[in-house]
Amino acid sequence: MAKVVIIGAGFAGHTAALYLGDKLGKKHTVTMVNRFDSFAYIPSWIWVSTGNMEPEKTTFKLRPVYKRMNVHFIHGTATKVHPDEGDQFVEVDKANGDVARIEYDYLLVATGPRLAFDATPGLGPDQGGHSYSVCSLPHVVETRDKYLDYVERMKKGEKVKMVIGTGHGTATCQGAAFEFISNVHKDLVKKGVRENAELMWLSNEAELGDFGVHGVIAKREGKLFTSAEFIEAAFKDADIKWQIQSAVTSVDADKIYWENYEGEKGETTYDFAMLIPKFSGQPLEYIGKDGSDVSSKIVNAGGFVLVDGIYGLDYDTLERNPDAWPSQYQNPTYRNIFAAGIAFAPPGPISRPFTNPNGTAISAAPPRTGMVSGIIGRVVALNIVDLVKRGRMTHSERMSEMVAACVASMGDSLWDGNAATIVVHPVVPDMRRYPNEGGRDLFTTHMEMGLGGAWLKRMLHDTFIWKLRGLPGWKIIPE
Amino acid sequence: MEITERDKFWMNNKLFQLWRFIVLNIKILKAVDHSKRS
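Those protein sequences? They're chains S and C, same order as listed.
For the first sequence, my numbering gives the first residue as 1, with consecutive numbering after it.
For the second sequence, my numbering gives the first residue as 1, with consecutive numbering after it.
Simulated from the structure, these hints should not be mistaken for lab results.
Since we're looking at a predicted model, the values are computed, not measured.
Keep in mind that a hint or two might mislead.
[What the hints assert, rightly or not] A few chain C residues facing chain S, derived, Cβ under 10 Å:
id, residue
1, E2
2, W10
3, M11
4, F16
5, Q17
6, R20
7, V32
[As the list claims (entries may be wrong)] Have a look at the derived ranges for each label pair, beta carbon to beta carbon:
id, chain 1, residue 1, chain 2, residue 2, range
8, C, D33, S, K389, 25 to 31 Å
9, S, D316, C, N13, 18 to 24 Å
10, C, R6, S, D37, 35 to 41 Å
11, C, K8, S, D316, 27 to 33 Å
12, S, G97, C, F16, 36 to 42 Å
13, S, R63, C, F16, 43 to 49 Å
Every residue, glycine too, gets a C-beta built ideally from N, C-alpha and C.
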């Protein structure tokens with residue numbers, strides 16, 4: 001009987017748990033370890049952050065889902081992994097205070113990111129920081145409360161400057177920040193106070209609409225257009241000012257300090273700031289049989305799990321070699337350890353890296369959230385099923401083959417809402433397969449704005465929560 | 001590129017957007033199908 005352990009019930013880990021429970025759960029042991037006892041549907045937090053959705057509508061309890069899907073659930077935090085053969089187990093600090101030792105034959109690390117607010121002094125809502133975040137549900141609720149407080153002040157005539165974007169030179173998840181600024185704009189218009197708000201986009205992107213995927217080129221009425229033009233049009237229409245190519249270096253109570261591509265240092269005053277932090281890997285310890293630290297065989301310096309990608313290539317070489325991106329997400333040293341979602345180490349950036357004359361890195365890191373996480377979770381789960389049943393893996397999917405759809409809502413209304421729908425295929429450009437400027441399939445790669453996107457976003461909320469609860473037909477809904 | 005009044009009209013025209021909603025669904029499903037799904 002095989003023992004499979006998954007650490008982390010985000011999009012990647014939870015998707016994997018559903019497939020593993022479905023295919024192995026009755027005859028083998030599938031165990032999920034998660035810090036929280038609920039699943040959180042992150043894409044809809046953006047509506048929570050402006051007070052347009054109750055937080056409870058974005059969550060559901062994991063235990064009943066796992067009971068149905070034959071997955072054991074341990075509510076706790078994994079702290080140590082012992083990966084050496086003959087003695088393979090995970091140590092877990094359980095929520096009830098006990099320490100558990102869970103043995104495994106296969107381990108999937110799907111921990112999501114550690115929010116590295118500490119990489120930027122003064123960033124974040126915790127530990128004396130001054131900015132807000134939409135990266136965890138408690139942060140979203142805090143952001144909502146502060147935002148609504150400012151709305152009340154604007155109703156009394158106060159002018160407020162809101163700065164939204166990224167809080168570190170190598171932050172990712174620009175899409176979430178873009179969705180937040182778009183929703184804030186729409187919400188302020190709806191509440192009749194938009195003229196009292198100055199909205200500013202501050203990011204580390206090389207161009208507007210880079211989103212960490214080197215921007216997007218799509219076709220509209222037979223003509224090519226870029227995501228930079230697309231987002232610029234949206235910002236101009238919404239009267240949102242922008243500053244890009246900037247690394248936030250610190251934040252204090254009323255100023256954000258930054259450096260730009262030229263190495264110039266400057267500051268931006270603000271009243272309210274929502275800035276996405278740098279992500280790093282979760283601090284799991286990897287301990288060998290003799291008690292030594294074997295982390296260097298499993299994770300990179302950032303704490304992300306090394307898998308079957310080709311690491312160490314310079315950007316130009318990596319850009320020409322889409323096959324350097326991992327396809328099975330398996331650690332090359334400990335071949336029964338896999339990683340999915342943000343937890344795996346990409347072989348390099350998708351957007352061209354940049355370091356300014358001061359030595360500060362300013363470039364968007366590759367996104368591995370949402371659809372990408374779900375797809376990788378499925379691939380890893382099906383490969384573990386293969387290994388248990390047949391002894392060899394048959395599934396693979398690189399980010400240079402993968403499609404991702406991002407629906408960034410601009411207001412939640414199904415009557416007069418709006419959304420930017422961006423489909424990229426593949427996520428990592430493949431110039432060999434698609435020899436055009438963007439390196440992507442121009443038939444499926446797509447960008448448009450409109451009410452239809454708002455309907456799509458709502459439909460995704462309902463269908464994905466259905467799928468992730470493992471309700472009838474969940475497998476036919478794609479990740 | 002800019003968002004014109006004409007664009008805004010079509011962006012909120014319910015019938016046209018129903019068409020775009022269908023097209024977007026087909027695009028995403030087609031893209032999912034194009035992707036390896038192996």
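For this session: So, C/Q17 near chain S? Judge it on the closest CB pair being under 10 Å.
Result: At 4 Å from the nearest chain S Cβ, C/Q17 passes the 10 Å test, so the hint holds.
Exercise. Is the hint on C/F16 kept, meaning its closest Cβ partner in chain S is under 10 Å away?
Worked result: For C/F16, the interface hint holds, since the closest Cβ of chain S sits about 8 Å away, which is under 10 Å.
Exercise. Lying within 25 to 31 Å: is that true of the beta-carbon distance C/D33 to S/K389?
Worked result: 26 Å, holds
Exercise. Minimum Cβ distance from C/R20 to chain S below 10 Å?
Worked result: 4 Å, holds
For this session: Verify the interface restraint on C/E2: the C-beta must sit less than 10 Å from at least one C-beta of chain S.
Result: C/E2 check passes; min Cβ-Cβ to chain S is 5 Å, inside 10 Å.
Exercise. Falls inside 35 to 41 Å, the C-beta gap from C/R6 to S/D37?
Worked result: 51 Å, violated
Exercise. For the hint on C/W10, does the least C-beta distance to chain S fall short of 10 Å?
Worked result: At about 7 Å, which falls below the 10 Å cut-off, the nearest Cβ of chain S leaves the hint on C/W10 intact, so it holds.
For this session: Return holds or violated for the Cβ distance of C/K8 and S/D316 against the range 27 to 33 Å.
Result: 42 Å, violated
Problem set entry | Supplied distance hint 36 to 42 Å, evaluated on CB atoms of S/G97 and C/F16 | 58 Å, violated
Exercise. Do the Cβ positions of S/D316 and C/N13 conform to the proposed distance bound of 18 to 24 Å?
Worked result: About 46 Å separates the Cβ atoms of S/D316 and C/N13, which means 18 to 24 Å is violated.
Exercise. Does the nearest C-beta of chain S fall within a distance shorter than 10 Å of the C-beta of C/M11?
Worked result: 4 Å, holds
Problem set entry | C-beta pair S/R63, C/F16: status relative to the range 43 to 49 Å that was hinted | 45 Å, holds
Violation of the numbered hints given earlier is confined to hints 9, 10, 11 and 12; the remaining hints are satisfied by the structure.
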